[in-house]
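*Asks:* Residue strings, one per chain:
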Amino acid sequence: MKQVSPIQSIPLRHLPVRHCARITEVLGHPEHVHRLDEFGLRGGTRIEMFRPGNPCIIRLAGNKVCLRADDLLHVLVEPTAV
Amino acid sequence: MSATTETRIINVALIGNPNTGKSTLFSDLVGVHQHIGNYPGVTVEKKTGRVELAGQQIELIDLPGLYSLAPRSRDEMVVVDLLLGRRKELPTVDVVLCIVDATNLERNLYLVSQVLELGLPTLLAVNMLDVAENREIRVDPALLEQRLGIPVVPIQANRRIGLPRLKTALADMIVGPRAVECCTGCCAACVSPSERVRPEPPRPDTTPLPEAFEAEVTRLESELADHEESLHAGSLPRWLVRRLLLDISGHLQRTLWQNGAAQRKQQIEAARSRLATAGHAVPAVETNARYEWAHRMLEGVVVEPGVYEMSVTDHIDRVLTHRIWGTLVFVFVMLVVFQSVFVWAQPAMQWIELAETAVGDWITARMADGTLRSLVVDGVVGGVGAVITFLPQILILFTFLAILENCGYMARTAYLMDRLMVRVGLSGKSFIPMLSSFACAVPGIMATRVIENERDRLTTILVMPLLTCSARLPIYTLLIAAFIPARQYLGGLLNLQGITLAGLYLLGIVTAVICAMVFKRTFFRGQTSPFIMELPGYKWPSPRTVALRVAERCGVFLRCAGTLILAVSILVWAALYYPHDPQATRHQQQRNSYLGQAGQMIEPAVKPLGWDWRIGSAVIASFPAREIVVATMGVMYHIEEEADTDATPDPEQSRWHEKLRNVTWEGTDQPVFNIPVALSIMVFFALCAQCTATLAVIRRETNSWCWPAFTFIYMTALAYLGALATYQFGMWISG
Chain W
1 MKQVSPIQSI PLRHLPVRHC ARITEVLGHP EHVHRLDEFG LRGGTRIEMF RPGNPCIIRL
61 AGNKVCLRAD DLLHVLVEPT AV
Chain A
1001 MSATTETRII NVALIGNPNT GKSTLFSDLV GVHQHIGNYP GVTVEKKTGR VELAGQQIEL
1061 IDLPGLYSLA PRSRDEMVVV DLLLGRRKEL PTVDVVLCIV DATNLERNLY LVSQVLELGL
1121 PTLLAVNMLD VAENREIRVD PALLEQRLGI PVVPIQANRR IGLPRLKTAL ADMIVGPRAV
1181 ECCTGCCAAC VSPSERVRPE PPRPDTTPLP EAFEAEVTRL ESELADHEES LHAGSLPRWL
1241 VRRLLLDISG HLQRTLWQNG AAQRKQQIEA ARSRLATAGH AVPAVETNAR YEWAHRMLEG
1301 VVVEPGVYEM SVTDHIDRVL THRIWGTLVF VFVMLVVFQS VFVWAQPAMQ WIELAETAVG
1361 DWITARMADG TLRSLVVDGV VGGVGAVITF LPQILILFTF LAILENCGYM ARTAYLMDRL
1421 MVRVGLSGKS FIPMLSSFAC AVPGIMATRV IENERDRLTT ILVMPLLTCS ARLPIYTLLI
1481 AAFIPARQYL GGLLNLQGIT LAGLYLLGIV TAVICAMVFK RTFFRGQTSP FIMELPGYKW
1541 PSPRTVALRV AERCGVFLRC AGTLILAVSI LVWAALYYPH DPQATRHQQQ RNSYLGQAGQ
1601 MIEPAVKPLG WDWRIGSAVI ASFPAREIVV ATMGVMYHIE EEADTDATPD PEQSRWHEKL
1661 RNVTWEGTDQ PVFNIPVALS IMVFFALCAQ CTATLAVIRR ETNSWCWPAF TFIYMTALAY
1721 LGALATYQFG MWISG
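Just so you know, the sequences run in chain order W and A.
So for the first sequence, this note's numbering puts the first residue at 1; every next one is plus one.
So for the second sequence, this note's numbering puts the first residue at 1001; every next one is plus one.
Just so you know, not all the hints are guaranteed correct.
[Said to hold, decoys possible] If you want the footprint, here are the derived chain W segments under chain A, 3+ residues with CB under 8 Å: (1) 21-32; (2) 40-53; (3) 70-77.
[Claimed, not checked] To give an idea of the interface, some chain W residues facing chain A are shown, with a C-beta separation under 8 Å as derived from the structure: (4) Ile10; (5) Arg13; (6) Pro16; (7) Leu36; (8) Ile57; (9) Asn63.
For the record, the hints were derived by calculation from the structure and aren't laboratory data.
Since this is a predicted model, take the numbers as computed values, not measurements.
Note that the Cβ used here is the ideal one computed from N, Cα and C, for glycine as well.
Taking the hints into account, I'd like the entire structure generated from these sequences.
*Replies:* Printed below as a string of structure tokens:
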């Protein structure tokens, strides 16, 4: 795993491949945010970028999830060391 | 449960997140004793199976995979109504069997916490412990059982490990402990059923939601009870009142109160405002509380590794989800599937054809010539037999689809296709129901309920019938085998017949994409929904699950052949047999029949497509179901058989293909069929909407006659224009 120094929140799409991060905020329509919340994609959750792009594939709690946020949802993350 | 458990069937609801192995567990428990139908009054698929445990008959109800019990769609509402026992026509659930994925227990416990609030006896099956172990995730099911206060059983559904223990726990829950050890409770050593001690169900008021929220629920419950009383309606269960407060989409309000809900809505809004002021904003209060609860429950139960190592699935995904390599693999897999459908099925198809001929000949030899013999031989054996001949191909196609789905590859195709779908204005989620449509559009259209956005859902429904379903295979394979040369490429890896079949599938896909794009930019303009989907880990497909799924779908095909196709075959036979003139030759009879007259009437319209009136008649006959076109040709073939005395039977050729090649335009030696005509017919059937079952399901799903009418009109127009262009272009090319 590549080492990254913690910086402020960045959009998920800017997270490079195999880099880890913690979700800081999910912004968008409350209904969409709630669905992601139920899915486990919520503030504080640790993720790892598996395949960047739109849609991207992230690792969430050991499982892989593909996500296309577009303009409807903004997932902000804070890169972490692991 | 009372002593009536000894006679009454116990209903066990199986619930869990998608990709937790729920369907595998269902098959493990009930085996072949499965039944698929609809819940009464709604078009939500109901899958049930019977199993006997400790002498007690149990009906296992397989519920759709859900991440949350929030009723935001018709499917989810049926699940909630079923679990709450709110509708008399639905079975009463006695026990809930919850299956969770050991690799992602925190998210799975979100749903469990909602289930526990129902207050029903609940049993938890922790699946995929082997996968968790491989990822170095340690799980302690005994500690989890202690924390949750309900029985927890570790299982590996794909290997059937832990099933005896699960059955014992289920039996204990239903008829009391020692039920399995003591057989059926009939011997003196047994504890009598009435003496058995059953585990206490969780209390319905057990909820992780904060007290302030619960206080608002109590207040709202009382306010709503006054309303319901004034309307002489029963009071709402507390569980639903909680959901009313949490459901910001308003779906539940609309479902419960179609009229006069203004005052109740105001009360709900007021409760939400008070909660927001108190720092418990809806709906975040629910996810926060449930995830906090799940976190507490799992402390010490689950130990995760600090870093996830690259797994085999990850290595495979590096290729299969790659923009270029992944797409190439997808195209190659589809080519192999279609080629196999075509090549592997041939021997079995020829056996069925031979059997059909033998049955027809046997009946002909034993029955006197006349209407009845014609009905049995030409209508029933010829018509239904012509469709059953294609069972081997349908079996191979369903086997491939079931394997691809079971091993986890299908989710990757949805990811790959999302890039294409989003350009059309849809999401990868629309692609999943579309994949079902390659088998049959009816379950595909019903599966569009997973699409939350109504505009996306309608668009998907309208283009779904363009995708190549198994009913098109009979006409495709018949004409391809008869007219497309079996040229081989790449050392025999590919052949022209397989490529043509793949091309027809591609035509359906491309047309569906273009139509979806047009619809999304005209009738259903709007923003594209966010797309989120889990990619399950790859696994070896379970032969048992694949076999059961294939058997289930082939059973549906055979039932269709035995009912709808049989009825239409008889109608087509009658339309060809009447008005009957015993003096007329077979050809004259065919020409003067009602179907023949209709075919001649439309001949000027179909001639530019390269078709004679007999093909036109077959197309008219296939309006109820497109596979009938083959059955009609079967009937026509039998009619022509005796007149065609010059035909020399060639043992190397299928008699179907030989017959079709020998058909000539009336009064000439010019053959009706050539490659452009065969392609023109196939393009017509690739694009037409000749399936009453599909149109009926569109009517049910959209609750309107406009959409099925629109589907039929636009697809028929496309089919005609496509067939016209194909024939004219083909003739121009061939000079």
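*Asks:* Under the constraints set out in the numbered hints, which ones does this structure not fulfil?
*Replies:* The structure breaks hints 4, 5 and 6; every other hint is satisfied.
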